[in-house]
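Assemble chain X onto chain B, guided by the hints.
The residues making up each chain are set out below.
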Amino acid sequence: MRLIIREDYEEVAHYIANYIKERINQFQPSSERPFVLGLPTGSSPIGVYKKLVELYKSGELSFQNVVTFNMDEYVGLPRDHPESYHSFMWKSLFMHVDIVPENVHILDGNAPDLDEECKKFEADIARVGGIELFLGGIGPDGHIAFNEPGSSLTSRTRVKTLAYETIIANARFFDGDISKVPKLALTVGVATVMDAREVVVIITGAHKAIALAKCIEDGVNHMWTVSAIQMHPKGLIVCDEDATLELHVKTVKYFKSIEHVHHSLIGAENLSLQGGVKQLRSPVSNDRPQTPFE
Amino acid sequence: MSIAYSTSKIYKIINGRLLINHEIVENSYLWYQDGKIIHPQSLFFDHHRDADEIIDAKGLLVVPGFIDTQINGAYGIDFADYEHSVETIQENIDIVAKGLLRYGCTAFCPTVVSSSPEVYEKVLPLLNHRKGSATGGAEILGAHVEGPFISVEKKGAHKQSVFRDAKEGIAAFDSAYGSELLKGSKAVAIMTVAPEIEGVSDAIPDLVQRGITVAIGHSACRIAEAEQAVTNGATSITHLFNAMQAFHHRDPGLIGVLGAADLPLPTTSKGHPKPSLTSPCRHSPDPRPFFGLICDGVHVHPNSIRIAYYSHPSGAVLVTDALSAMGLPEGEYTLGGSELQVDKNGAAYIKGTSTLAGSTVTIDECVRNFQKFTNCTAVEAIEAATLHPAQLLGIEHQKGTLNVGGDADFVFLDDSTGELRVEKVFVAGDEVSF
Chain B
1 MRLIIREDYE EVAHYIANYI KERINQFQPS SERPFVLGLP TGSSPIGVYK KLVELYKSGE
61 LSFQNVVTFN MDEYVGLPRD HPESYHSFMW KSLFMHVDIV PENVHILDGN APDLDEECKK
121 FEADIARVGG IELFLGGIGP DGHIAFNEPG SSLTSRTRVK TLAYETIIAN ARFFDGDISK
181 VPKLALTVGV ATVMDAREVV VIITGAHKAI ALAKCIEDGV NHMWTVSAIQ MHPKGLIVCD
241 EDATLELHVK TVKYFKSIEH VHHSLIGAEN LSLQGGVKQL RSPVSNDRPQ TPFE
Chain X
1 MSIAYSTSKI YKIINGRLLI NHEIVENSYL WYQDGKIIHP QSLFFDHHRD ADEIIDAKGL
61 LVVPGFIDTQ INGAYGIDFA DYEHSVETIQ ENIDIVAKGL LRYGCTAFCP TVVSSSPEVY
121 EKVLPLLNHR KGSATGGAEI LGAHVEGPFI SVEKKGAHKQ SVFRDAKEGI AAFDSAYGSE
181 LLKGSKAVAI MTVAPEIEGV SDAIPDLVQR GITVAIGHSA CRIAEAEQAV TNGATSITHL
241 FNAMQAFHHR DPGLIGVLGA ADLPLPTTSK GHPKPSLTSP CRHSPDPRPF FGLICDGVHV
301 HPNSIRIAYY SHPSGAVLVT DALSAMGLPE GEYTLGGSEL QVDKNGAAYI KGTSTLAGST
361 VTIDECVRNF QKFTNCTAVE AIEAATLHPA QLLGIEHQKG TLNVGGDADF VFLDDSTGEL
421 RVEKVFVAGD EVSF
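These protein sequence lines map, in sequence, to chains B and X. Counted from 1, the first sequence has number 2 at position 2 by UniProt numbering; the numbering is strictly sequential. Counted from 1, the second sequence has number 340 at position 340 by UniProt numbering; the numbering is strictly sequential.
Calculated directly from the structure, the hints in this document are not laboratory data. Backbone N, C-alpha and C define an ideal beta-carbon position, used for all residues, glycine too. Do not take every clue at face value.
A few chain B residues that face chain X, going by a derived Cβ cut-off under 7 Å, partial list only [as the list claims (entries may be wrong)]:
id : residue
1  : D80
2  : H86
3  : P101
4  : E102
5  : F174
Cut-off 30 Å, straight-line C-alpha distance, at most; resulting in silico cross-link-like pairs (DSSO-like, lysine-lysine) [stated by the list, open to error]:
id : chain 1 : residue 1 : chain 2 : residue 2
6  : X       : K9        : B       : K57
7  : B       : K21       : X       : K12
8  : X       : K12       : B       : K51
9  : X       : K424      : B       : K57
10 : B       : K50       : X       : K9
11 : X       : K424      : X       : K36
12 : X       : K36       : B       : K50
13 : X       : K9        : B       : K91
14 : B       : K51       : X       : K58
15 : X       : K186      : X       : K122
16 : B       : K50       : B       : K21
17 : B       : K50       : X       : K344
18 : X       : K155      : X       : K183
19 : B       : K50       : X       : K58
20 : X       : K351      : X       : K154
21 : B       : K91       : X       : K12
22 : X       : K183      : X       : K58
23 : X       : K372      : B       : K57
24 : X       : K98       : B       : K91
25 : X       : K122      : X       : K167
26 : X       : K424      : B       : K91
27 : X       : K424      : X       : K98
28 : X       : K58       : B       : K21
29 : X       : K58       : B       : K57
30 : X       : K344      : X       : K424
31 : B       : K253      : B       : K51
32 : X       : K36       : B       : K57
33 : B       : K250      : B       : K234
34 : X       : K186      : X       : K36
35 : B       : K119      : B       : K180
36 : X       : K98       : X       : K131
37 : X       : K58       : B       : K91
Okay, chain B solo, but in the shape it has when bound (with noise of 0.2 Å):
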């Protein structure tokens, strides 16, 4: 797992945008081999949709040939109600980029009969030939997706009951009233995610602290969902200072160390450090590397 600590929550969001911009880009999708991307909900990735936004207007960025998989969505909403997660994603990124109708897969709320939804969006999923990059955020209590404490971590796609904490963190969208707030959702499960090539979890803000010290200190635990994490090949945590309030000082440290080495030795726009080292270069500085995407 790699650890990228930023300044503050712009930067953040900056450093997640241009790092699927460049996946992406690396990549090379094409219709018949897209770029499949895994995406969340909620105000952590906010950020990264705007910043995202504006790397497509500038025309570094296509969504031409991606093909996006959302997290979660309520379950009974009206698909147009203006709290649904279709209608998050609409406003946040789908009205403003070329993505093509057909390759945005967000489960069905109002299904008729939801267990059949949710093996249907695995297979959507198989069928592609599985999720590349999938960016999730996490919640207080260190949930991935609606992936609550006491989920399995082996577990699937499926209609979860929301945590209490969940519903009082999401009233703020339904004008403060808890029992206005859907009580059903339709999540990923934490294998779904972990089942990606590359996952990516977005962790900003003093109240995250104590999720992100759970998650990758102690051991994996359904009680933090995110810890599922420790056990993926690919593995990248992007946090601001704040969020790092209750890890170790030798864990900040080090990850802060080993980001710094990687550019100097490997380059930093060997995004997927396979290959391995191919020319030792001696350290340039001692100061926080620039990344050539940044």
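Frame of chain B; chain X shown alone:
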């Protein structure tokens, strides 16, 4: 639940700054199909449809098309003209409807000055409500009949000989205007009357019931008569300040209605101004009427425009009151039988007098002047020529709005110089070529 959509072309306007819900919004897009503004989210998810054509507004302001509720003619053509054949009159109407587009006017009420019953019989059927198109011209919203139930003392350039009273109530109106009046708002959208004329004020409810918007104007009424007329259902004042008693501090006359405090509150919001900071009740529709303002800088002093606007901002409606000389150079012309003289400021006077007969100003010029005179925001100036006239006529869900369901009549404005200039005009979604 998904809605059935037609298969016609979907348009998306990008890089525009849209006037939506009283604000200029960036990073948003305007989608339309079949001449109506649509919400494309369902289209995207349920029908997998994306925009078929993208229109780049290149950073310009995108606003609803302007609506002119008082215009007597243009390009040498007079809507009260009845001497030509029906075919010629129809062609003339089309010439004006097409010509108005270049000023950003996508809908208007052709105004007919006081005339005899024969004139109305011939002319009104040709001025019925008619949808606009990019090639056919601006939409006709029904006629604005100004008179003959008006005051001799405040006749302006109208022909006194056709004036009459309404002793017989609504029957007097039917006999004056002919059978078209029975069609209500489809034929006659607005009627200007003077409430002090016998029988007029009592007949207002009958006119309102037919869907006609009743406006008070060309009147010498006192404040009590004016307020009574509003209580009876009048919802507009025709060209405020002109052809009415001057404001006097102890006898404010028709102008004083803007300061009315205890008019009965309307039961519906349709046809009434929205509440503002100066409304008698901040939560109900404003009981005070809308009021037309001619912002050519000649009819009304800029300071007077400013006073009126800030006393009742949600009621201001910009009108041109343009006459046949609009679009033509200075010189001598005729209107409704009178001889007029147009000077270099564009003001039209009865020949040899200082009585104003009308203007030659265009609606976009009115918007620019209004913004300059009142120092209001661009949004407020534009709404006075779009949203407010639409509210006056009770059509604010179709016209004067960029909300979903509205007609796709809009204008691209360039505000880079500080003044609002018309760059492109669209009617029912089609761009007008000039």
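Non-conforming hints, listed in increasing numerical order: 5, 17, 22, 23, 24
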